Amino acid sequence: MKGTLVIITAILILAFSFLLFTDITVVQRGYTKTKFYLTDGIGPALKVMSTPVRFVDELLDNYINLIDVKKRNGELKKRLETMELENQKITELEKENERLKGLLGMVEQRPDEMIAARVTGEDVMNWFKCIIIDKGKSAGVKEKMPVVTPAGVVGQAVEVSRWHTKVMIINDTNSEVDVYTTGKHTRGIVEGTGQTILKMKYVLKNDDIEVGDRLITSGKDSIYPEGLALGIVININKTRPGLFSDIDVMPFNNFKKLDEVLVVKKG
Amino acid sequence: MRRIICLAFGVFLTVCESSLFSFLPIELAKPDIGVSFIIYGVFFLTPLDGLIAAVLFGFTQEVLSNGPPGAMLFTNVGLLLSCLFVKSRLYIESRYTFSLVCAASVLFESLLFLALSLLSKGETRDIFNVLLYAVPDAIVTAFVALFMFSFLERFRARYWSRA
Numbered sequence: 001m002k003g004t005l006v007i008i009t010a011i012l013i014l015a016f017s018f019l020l021f022t023d024i025t026v027v028q029r030g031y032t033k034t035k036f037y038l039t040d041g042i043g044p045a046l047k048v049m050s051t052p053v054r055f056v057d058e059l060l061d062n063y064i065n066l067i068d069v070k071k072r073n074g075e076l077k078k079r080l081e082t083m084e085l086e087n088q089k090i091t092e093l094e095k096e097n098e099r100l101k102g103l104l105g106m107v108e109q110r111p112d113e114m115i116a117a118r119v120t121g122e123d124v125m126n127w128f129k130c131i132i133i134d135k136g137k138s139a140g141v142k143e144k145m146p147v148v149t150p151a152g153v154v155g156q157a158v159e160v161s162r163w164h165t166k167v168m169i170i171n172d173t174n175s176e177v178d179v180y181t182t183g184k185h186t187r188g189i190v191e192g193t194g195q196t197i198l199k200m201k202y203v204l205k206n207d208d209i210e211v212g213d214r215l216i217t218s219g220k221d222s223i224y225p226e227g228l229a230l231g232i233v234i235n236i237n238k239t240r241p242g243l244f245s246d247i248d249v250m251p252f253n254n255f256k257k258l259d260e261v262l263v264v265k266k267g
Numbered sequence: 001m002r003r004i005i006c007l008a009f010g011v012f013l014t015v016c017e018s019s020l021f022s023f024l025p026i027e028l029a030k031p032d033i034g035v036s037f038i039i040y041g042v043f044f045l046t047p048l049d050g051l052i053a054a055v056l057f058g059f060t061q062e063v064l065s066n067g068p069p070g071a072m073l074f075t076n077v078g079l080l081l082s083c084l085f086v087k088s089r090l091y092i093e094s095r096y097t098f099s100l101v102c103a104a105s106v107l108f109e110s111l112l113f114l115a116l117s118l119l120s121k122g123e124t125r126d127i128f129n130v131l132l133y134a135v136p137d138a139i140v141t142a143f144v145a146l147f148m149f150s151f152l153e154r155f156r157a158r159y160w161s162r163a
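In order, the protein sequence lines correspond to chains A and B.
For the first sequence, position 4 (counting from the first letter as 1) is numbered 4 according to the numbering used here, and the numbering increases by one without interruption.
For the second sequence, position 10 (counting from the first letter as 1) is numbered 10 according to the numbering used here, and the numbering increases by one without interruption.
Bound conformation, chain A alone:
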């Protein structure tokens, strides 16, 4: 009897979740509220959990860096000619430092337009790509706000709770960003594939685009503001049948290495 009752309850929950999945507004409203409260409970736990994890991660990073430095020292002693290369690296780092300072300055100058946040978690299923950040409604984050780093676009806020926000990354299969190539203004839509490489779609075969072209947001999708760096074209296939080219894009951001992000407030 008890077993039958469990089966009936399970079937009812199954039917309920199916209705949820089919986007019926009435069913979704109540569910979203429940989820919101549950997220409020889990959010702080994630933040607490990420602290020791971050500590171990930094510790390991420092240790690995130390080993690298030791190796590099040995190599430098053996090969003095690589000094030039090292110098070049330092110059690049200086440039990066300047860029970062610029961004920091930008945030400091316009604190009302950006919200700095830390990444506290990641999607538990790898079917979807999202990160969880430690700023939510209380910090002024709203749905559809773009999330960026100094390197480029990360994604958009999709679910905002009081203290935490779920950010859909641009490599999620449900993500689309309107972009154009710098200098050439060839427009297209960059779609997530669930993998590191993104796909740029709806670019005609006779459009002016080359491997190495940098992509920036066009601002026409009314989510991402114009001019944010997104990625670089790494492969173009024009032999495929059809009107459009098959274009692979490498995002500037490494989404597995995100520590801090900026949420861009919209007017």
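Check each hint, because a few of them may be wrong.
Below are the DSSO-like pairs computed for lysine-lysine, each with C-alpha atoms no more than 27 Å apart in a straight line [said to hold, decoys possible]:
| hint | chain 1 | residue 1 | chain 2 | residue 2 |
| --- | --- | --- | --- | --- |
| 1 | A | Lys199 | B | Lys121 |
| 2 | A | Lys144 | B | Lys121 |
| 3 | B | Lys121 | A | Lys33 |
Hints listed in this document are in silico derivations from the structure and should not be mistaken for laboratory results.
The model shown is predicted, which means the values in this text are computed figures rather than measured ones.
Dock chain B against the given chain A, drawing on the hints supplied.
Same frame as chain A, now just chain B:
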């Protein structure tokens, strides 16, 4: 109380997984911790325990995932129902059989999600992605299930009377 402690530990592990994986450069495989609890609940405890685990982990995964609303709940409860139907035909005698059943359950969940997407929305976007990760996820889950089984058996032997 024992149920709450056991399930809270499972939720804690899921939250740990979410937090830990954002720092690890691993993308190909993620274990489904909830599966171990659902299978264990159905086969070693009572169907009600299985149902509670399925709903709780369904909710937790929805909170920590960007999946469409209801998707994780559906796959978890779908898995529970399937387990209840095969309970009398399937015998889990060791941690290795348990781990195999958990791996098969992850594959089943992936197929269930694809079927749900196709039937309700006609979407085919996620097919490649879900299929790509299904096998690695199943392998990692099987590995984790070996430890989960030992933990759950010890927990039950110490604090729980056999169902």
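Now for the hints, and whether the structure bears them out:
Among the hinted pairs, Lys199/A with Lys121/B is consistent with the structure: their alpha-carbon atoms are about 23 Å apart, no more than 27 Å. Proximity of Lys144/A to Lys121/B is assessed by CA-CA distance (about 23 Å); at most 27 Å being required, the pair is judged to hold. Taken as a hint, the Lys121/B and Lys33/A pair is honoured in the structure, with Cα atoms around 23 Å apart against an allowance of 27 Å.
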